[in-house]
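So the chains spell out like this:
Number of protein chains: 2
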Amino acid sequence: MTETKITLDPDDLPKKWYNILPDLPTPMPPPIDPEDGPSRLQNLPNIFSHEVLKQEGATDRFIAIPSEVRELYLQSGRPRALYRARRLEKKLNTPAKLYYKAEFYSPTGSHKVNTAIPQAYYAKKQGMERMTTETGAGQWGTALAYACSLVGMNLTVYWVRAVANWKQSRRNFMQLLGAKVFDSPSMRTTIGRTLLKENPHHVGSLGIAIAEAVQEATNDPKAVYSLGSVLNHVLLHQTIIGLETKKQMEIVDSYPDLVISCLGGGSNFGGLSIPFFRDRIKNGNATQFIATQSAVAPNLTGTYQYDYGDYAEQTPLLKMCSLGHRCKFEPIKADGLRYHAAAPIISALRHAGLVDTIQYPADETYVFERAKIFVQSEGFLPAPESAYSVTAAIDEAKKCKKTGEKKTILFNLSGHGFMDMQGYREKLNIGM
Amino acid sequence: MTETKITLDPDDLPKKWYNILPDLPTPMPPPIDPEDGPSRLQNLPNIFSHEVLKQEGATDRFIAIPSEVRELYLQSGRPRALYRARRLEKKLNTPAKLYYKAEFYSPTGSHKVNTAIPQAYYAKKQGMERMTTETGAGQWGTALAYACSLVGMNLTVYWVRAVANWKQSRRNFMQLLGAKVFDSPSMRTTIGRTLLKENPHHVGSLGIAIAEAVQEATNDPKAVYSLGSVLNHVLLHQTIIGLETKKQMEIVDSYPDLVISCLGGGSNFGGLSIPFFRDRIKNGNATQFIATQSAVAPNLTGTYQYDYGDYAEQTPLLKMCSLGHRCKFEPIKADGLRYHAAAPIISALRHAGLVDTIQYPADETYVFERAKIFVQSEGFLPAPESAYSVTAAIDEAKKCKKTGEKKTILFNLSGHGFMDMQGYREKLNIGM
Numbered sequence: 001m002t003e004t005k006i007t008l009d010p011d012d013l014p015k016k017w018y019n020i021l022p023d024l025p026t027p028m029p030p031p032i033d034p035e036d037g038p039s040r041l042q043n044l045p046n047i048f049s050h051e052v053l054k055q056e057g058a059t060d061r062f063i064a065i066p067s068e069v070r071e072l073y074l075q076s077g078r079p080r081a082l083y084r085a086r087r088l089e090k091k092l093n094t095p096a097k098l099y100y101k102a103e104f105y106s107p108t109g110s111h112k113v114n115t116a117i118p119q120a121y122y123a124k125k126q127g128m129e130r131m132t133t134e135t136g137a138g139q140w141g142t143a144l145a146y147a148c149s150l151v152g153m154n155l156t157v158y159w160v161r162a163v164a165n166w167k168q169s170r171r172n173f174m175q176l177l178g179a180k181v182f183d184s185p186s187m188r189t190t191i192g193r194t195l196l197k198e199n200p201h202h203v204g205s206l207g208i209a210i211a212e213a214v215q216e217a218t219n220d221p222k223a224v225y226s227l228g229s230v231l232n233h234v235l236l237h238q239t240i241i242g243l244e245t246k247k248q249m250e251i252v253d254s255y256p257d258l259v260i261s262c263l264g265g266g267s268n269f270g271g272l273s274i275p276f277f278r279d280r281i282k283n284g285n286a287t288q289f290i291a292t293q294s295a296v297a298p299n300l301t302g303t304y305q306y307d308y309g310d311y312a313e314q315t316p317l318l319k320m321c322s323l324g325h326r327c328k329f330e331p332i333k334a335d336g337l338r339y340h341a342a343a344p345i346i347s348a349l350r351h352a353g354l355v356d357t358i359q360y361p362a363d364e365t366y367v368f369e370r371a372k373i374f375v376q377s378e379g380f381l382p383a384p385e386s387a388y389s390v391t392a393a394i395d396e397a398k399k400c401k402k403t404g405e406k407k408t409i410l411f412n413l414s415g416h417g418f419m420d421m422q423g424y425r426e427k428l429n430i431g432m
Numbered sequence: 001m002t003e004t005k006i007t008l009d010p011d012d013l014p015k016k017w018y019n020i021l022p023d024l025p026t027p028m029p030p031p032i033d034p035e036d037g038p039s040r041l042q043n044l045p046n047i048f049s050h051e052v053l054k055q056e057g058a059t060d061r062f063i064a065i066p067s068e069v070r071e072l073y074l075q076s077g078r079p080r081a082l083y084r085a086r087r088l089e090k091k092l093n094t095p096a097k098l099y100y101k102a103e104f105y106s107p108t109g110s111h112k113v114n115t116a117i118p119q120a121y122y123a124k125k126q127g128m129e130r131m132t133t134e135t136g137a138g139q140w141g142t143a144l145a146y147a148c149s150l151v152g153m154n155l156t157v158y159w160v161r162a163v164a165n166w167k168q169s170r171r172n173f174m175q176l177l178g179a180k181v182f183d184s185p186s187m188r189t190t191i192g193r194t195l196l197k198e199n200p201h202h203v204g205s206l207g208i209a210i211a212e213a214v215q216e217a218t219n220d221p222k223a224v225y226s227l228g229s230v231l232n233h234v235l236l237h238q239t240i241i242g243l244e245t246k247k248q249m250e251i252v253d254s255y256p257d258l259v260i261s262c263l264g265g266g267s268n269f270g271g272l273s274i275p276f277f278r279d280r281i282k283n284g285n286a287t288q289f290i291a292t293q294s295a296v297a298p299n300l301t302g303t304y305q306y307d308y309g310d311y312a313e314q315t316p317l318l319k320m321c322s323l324g325h326r327c328k329f330e331p332i333k334a335d336g337l338r339y340h341a342a343a344p345i346i347s348a349l350r351h352a353g354l355v356d357t358i359q360y361p362a363d364e365t366y367v368f369e370r371a372k373i374f375v376q377s378e379g380f381l382p383a384p385e386s387a388y389s390v391t392a393a394i395d396e397a398k399k400c401k402k403t404g405e406k407k408t409i410l411f412n413l414s415g416h417g418f419m420d421m422q423g424y425r426e427k428l429n430i431g432m
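Protein chains in written order, with the working numbering: chain U, 1 to 432; chain V, 1 to 432.
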């Protein structure tokens, strides 16, 4: 009976995060300053907490999780279950074994709490009073609002207007947790005012919202900026997902042939996959990794280049697979997948030939239809972004049916869709 | 570290439900027929599955949970964690110990899956093709839609119009799971048509929605009607909550002085409390039980009398604390607490002097304000109904602060509020 739901005891919660930096196939190209303008690197200590900056370039393979953070991880529901998708396997009549990690059983709806908690904890410990951040789909903003509420910090969230417009419940949840939420571009920052002057109905982008949050933190000595994806320390914190999952797969004596997750900035994909990348790099085993994306913003297919993380060029230049930091992307329901660049760590792995990628059409009907198959067999409601992971898992399982391969496929159900039903409604014409 | 989150292994999932009928202080008064009209009792086998009817009057103290149902319980996330609310205790500066059961970590949002799964399973096993039901808050309709999707049954849901009007996302979720959803009163049944003729904008009630669902099942030999609360078999299935919780409290060597839960029909209150009632009745210990209600429908303060379960008088007469089956109640955000009568089992315990009750004002601001305290300390978002449990727990903990009593207080977080943010928004003026 136990192979449907594979659990860990609270005592099995990992005590260390895994840092892949010392294990990358080639050393990570460092962040650099542009040739012109003020130094972005020198501004970093003004906007990030010291601990987080230290972790960003850390060379230790394992980094201890503070006991206060572990306690908050338990509070947030960790360790989370791993499910064997037996019902889905049966429906697809596939010889493949499908496993998914239940990150959606989160107090705010997604895996984002895994980095929100340590980031808020470190900022508080340093004596800061306030955090600023951006959010796209809203999952990150809610997660940081949650963490700030638990550790006792104020929070300002800049929310991409295209998404904020249709997610009132998520906005209210952030506000209930005590956060101040502003649509981005906003009138509160110079970059926001400039863009609104050009176009009063500007729909915004993650790069713009980041620029506004960074600007606000730069101007306030008691404020810390916090990013929910992309950076090394974010992926470090998220490895808790993959570390737990590895233990759980060991319990059932299994190991993935294929690891799948959606990728916007890379925190969810990296969180699940990085501990398995370690095995691949160290032992040369044959595990395949697939990052699922939207054709609207297929950043992994972009050039591996030095680029800014934000629209306003306030961040240092990072070596990333990027479509360009001023590239415009049309709104999609899976807004968490609408960012111009992939995390430097994932970009480096991609450049080393270790990451495959699939893009699904901008229309998204294909993706929501597969999410429906998942809902009706496994009973869990994926967030729009997680539906991209489900889609690849289903399609790969179908391939196995054709070829007869008994692949073990692992994917992450990074978030739930309770607050995103409009996506399902519109794309599947439900109740219309 | 482990006392924040107390977990059970999948192997610890109870193998039997607990049936309190043989242990009640006085024998349960049987359901009876009214003096006039056709026999309602004789119609029961036409509308309920055989197994459920058998369980309704069963005298065995323990009833085995079929292994298929246990497998689906695991699939739905059981066993669920018990949390010690240390952060809330600290915020309230109370000497009381607070524990809450995390039923809200449910694939559909509430504890209702616990009875939806066995009811759908038994109907399927009997060769039925379709189920009909009513729903108030929408949690029950979603849970049964989930269970029907997993076992492969069709489902029709009649949804109280006053609630259906403001919960489009929940409706879409039911539809995504394959259910057909109709606002009640509807034009599909004679009772619905009669009421709509009187008032085309009739807001409906649970009693009316039950009447429509019963009527549809009566007229279809391949259909089974399913009720989400009130009846003995429903409370039997829900004892899984309290049985798990007892094991979990034993792990931390604790036992409740006070058990609190909200009560509409009684499934959530009964589910948590019944295994503890057993100890009180058997051992005469001093545990207190508080059912929290809305002043709009304080059915536990009603007369202990034989009354119908539905508006249209199609059900047998049950001995219940009832306000009258045609009583009208104004809409509230916690619509799950808006039913005219309490479950016969809970009514009998109330009549025996074992159940206390508190009613909160129809306005609900008091309740949502306490839910906000809970959200900002524990980080979990209660459903409006569950906010009534949180409210009593907080108020009792505050009393302990005054008296210095170190009470152990247990309550159930029966559902989450991800799909009910409008309640928070309106009652707390969030983002307005």
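What the hints contain is simulated information worked out from the structure, not anything from laboratory work. Mixed in with the good hints there might be a few duds.
Identical chains blur together in the list; that is why a pair holds if it fits in one copy or across any two.
To be verified - Pairs of lysine-lysine, DSSO-like flavour, derived with a Cα cap of 30 Å:
| no. | residue 1 | residue 2 |
| --- | --- | --- |
| 1 | Lys282 | Lys91 |
| 2 | Lys180 | Lys167 |
| 3 | Lys125 | Lys328 |
| 4 | Lys90 | Lys222 |
| 5 | Lys15 | Lys247 |
| 6 | Lys125 | Lys167 |
| 7 | Lys54 | Lys328 |
| 8 | Lys125 | Lys91 |
| 9 | Lys16 | Lys406 |
| 10 | Lys90 | Lys16 |
| 11 | Lys124 | Lys90 |
| 12 | Lys319 | Lys54 |
| 13 | Lys91 | Lys399 |
| 14 | Lys328 | Lys398 |
Okay, the hints, checked on the actual structure:
no.	hint	verdict
1	Lys282 / Lys91	neither (36 Å within a copy, 48 Å between copies)
2	Lys180 / Lys167	both (15 Å within a copy, 25 Å between copies)
3	Lys125 / Lys328	neither (38 Å within a copy, 54 Å between copies)
4	Lys90 / Lys222	between (55 Å within a copy, 26 Å between copies)
5	Lys15 / Lys247	both (13 Å within a copy, 27 Å between copies)
6	Lys125 / Lys167	neither (33 Å within a copy, 41 Å between copies)
7	Lys54 / Lys328	neither (33 Å within a copy, 63 Å between copies)
8	Lys125 / Lys91	between (50 Å within a copy, 19 Å between copies)
9	Lys16 / Lys406	neither (33 Å within a copy, 36 Å between copies)
10	Lys90 / Lys16	between (37 Å within a copy, 28 Å between copies)
11	Lys124 / Lys90	between (48 Å within a copy, 18 Å between copies)
12	Lys319 / Lys54	within (19 Å within a copy, 68 Å between copies)
13	Lys91 / Lys399	within (14 Å within a copy, 54 Å between copies)
14	Lys328 / Lys398	neither (34 Å within a copy, 54 Å between copies)
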